[in-house]
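Note that the protein sequences, when read in sequence, are chains A and B. All residue numbers for the first sequence refer to the working numbering, where the first residue is 1 and numbers rise by one. All residue numbers for the second sequence refer to the working numbering, where the first residue is 1 and numbers rise by one.
Any given hint could be a false lead.
[Stated by the list, open to error] Part of the chain B face toward chain A, derived, beta carbon under 8 Å:
id, residue
1, D78
2, E82
3, G88
4, E104
5, Y106
6, T107
7, D108
8, Q110
9, I113
10, A114
11, Y116
[Claimed, not checked] Cβ-Cβ distance ranges computed for the label pairs, FRET-style:
id, chain 1, residue 1, chain 2, residue 2, range
12, B, A131, A, R45, 43 to 49 Å
13, A, G6, B, H83, 30 to 36 Å
14, A, S15, B, T86, 37 to 43 Å
Hints were generated in silico from the structure; no laboratory data involved. These numbers come from a predicted model, not from an experiment. The C-beta atom is built at its ideal place from N, Cα and C for all residues, glycine as well.
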Amino acid sequence: MTNLDGSARKFLPLSEATYLILASLTEPRHGYGIMQDVEAVSDGRVKLGPGTLYGALTNLLKGRLIRRSGETGAGSDRRKVYALTPLGERVLVLEGERLASLSRLASDVRKRLGGER
Amino acid sequence: MRGEKTTKRVFRMLMPWNDEKEGRWLAEQEWSGWHLKAVKCFGGYVFERAAPAEMAYRLDFGPSRFHDRSEYFGLFRDSGWEHVGTRGLWQYFRKAAVGGRAPEIYTDPQSRIAMYRRVIAITGATVAVMASQVGSTVSRGVSHPTMAGLPIVLVIQVLLMAVFGYGTVRLIMVISRLKRSQRKQA
Chain A
1 MTNLDGSARK
11 FLPLSEATYL
21 ILASLTEPRH
31 GYGIMQDVEA
41 VSDGRVKLGP
51 GTLYGALTNL
61 LKGRLIRRSG
71 ETGAGSDRRK
81 VYALTPLGER
91 VLVLEGERLA
101 SLSRLASDVR
111 KRLGGER
Chain B
1 MRGEKTTKRV
11 FRMLMPWNDE
21 KEGRWLAEQE
31 WSGWHLKAVK
41 CFGGYVFERA
51 APAEMAYRLD
61 FGPSRFHDRS
71 EYFGLFRDSG
81 WEHVGTRGLW
91 QYFRKAAVGG
101 RAPEIYTDPQ
111 SRIAMYRRVI
121 AITGATVAVM
131 ASQVGSTVSR
141 GVSHPTMAGL
151 PIVLVIQVLL
161 MAVFGYGTVR
171 LIMVISRLKR
181 SQRKQA
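Next comes chain B alone, as it looks inside the complex:
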């Protein structure tokens, strides 16, 4: 490679309660001349040098592979959204922001709240599963105090429970903020 770099890779964790912030960050990259080329599953973004542009980036927690997603992607394509990448169930879309007005994929607070509820269904279920795992690890530790490795297993399980529990709480906070703004509108 000679001279100035024409591509860059950036690693970033995606926090599900920060999906709007992530979109704004991607828009800032575009505005400063880095065009998103690809989304890698383990937190990597690949950017390419391009002319600065005003582009809206939106993330959606979409349907899983078990659904017929052609209708889903078709609605986005028909309304001018380009599908840029996938990370887990998160779908990345972008659309040119004409005249500084950012287009939206969710046009009322109820449907946006429903999206976060779909995320909570998964993070909340993970917390419940981990809690029951912690319970069985502890009871196994009580009946077999000499079993090796149990403390490590327990630490991992508690950690996972804490991480997903924290995420669930943050998502609930986002929903209550949306509900407050809904009341203000009404």
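In isolation and in its complexed conformation, chain A is listed as follows:
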């Protein structure tokens, strides 16, 4: 596990788009499914353009954080499905821990700055 952690840490910190893409792949999805999921979980704040998503998927495949996991649909509706690799899962968890500690700090800061706003 420590070896995997070592290689996973090299990817941190992730950009917001990359974190959201990996988070959406906790279930296997095709590219368009990732776009819809990211938009939904970010309350419409993050809309991934197709150029941005294609580049991110290419990089994540190259870094072996995700892998191709078959296809859905048939004919012109055929889409490639992506899934996390063990390395990708580890990166996602480690980044989550980093964000969680920042989030604890953030609520502490909020209190220190006065109040329950």
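Please build the complex by placing chain B on the supplied structure of chain A, with the hints as guidance.
Chain B alone, transformed into the frame defined by chain A:
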């Protein structure tokens, strides 16, 4: 053809550091009632008369033929972008701009910078190849001063090197502008 023209052809050079400007120009054509019909490889656009519409045009420096591009085009199609044409590795896409809000194919500066870096990989490599060609032409000229045609070859090589060198510099400028705006956002 009678009366008013219903199609027109326009020749325009595409400068890779001006891809956004090119998109805006195509959007202006659409807005003034000229709908892009086709993109020809040697700099020609074919337009057709149509009702004026608000449309966003975007250019992407996409993957080459050696890649499986079905996934690439599929992502654009799924998110509502129509593929209008190809010029070299540049792909032209359009999508209706709803309520004056132009949709984007690159939604963060990092991925846009990565696109320009892919262009620079090609223009920069061309400069390097031309530089080595210029070197060998010059050394051939020194050892065979009477060889015919060498000055012309040299002029062409230097010219190509200058053109691609200029393009590379302009692209580097675009990237540094994007990086500055990224810092401002942060």
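Quick rundown of the hints versus the structure:
no.: 1; hint: D78; verdict: holds, 4 Å
no.: 2; hint: E82; verdict: violated, 12 Å
no.: 3; hint: G88; verdict: violated, 17 Å
no.: 4; hint: E104; verdict: holds, 5 Å
no.: 5; hint: Y106; verdict: holds, 5 Å
no.: 6; hint: T107; verdict: holds, 4 Å
no.: 7; hint: D108; verdict: holds, 6 Å
no.: 8; hint: Q110; verdict: holds, 6 Å
no.: 9; hint: I113; verdict: violated, 10 Å
no.: 10; hint: A114; verdict: holds, 5 Å
no.: 11; hint: Y116; verdict: violated, 12 Å
no.: 12; hint: B:A131 - A:R45: 43 to 49 Å; verdict: holds, 47 Å
no.: 13; hint: A:G6 - B:H83: 30 to 36 Å; verdict: violated, 42 Å
no.: 14; hint: A:S15 - B:T86: 37 to 43 Å; verdict: violated, 29 Å
Checked against the numbered hints given earlier, the structure breaks hints 2, 3, 9, 11, 13 and 14 and satisfies all the rest.
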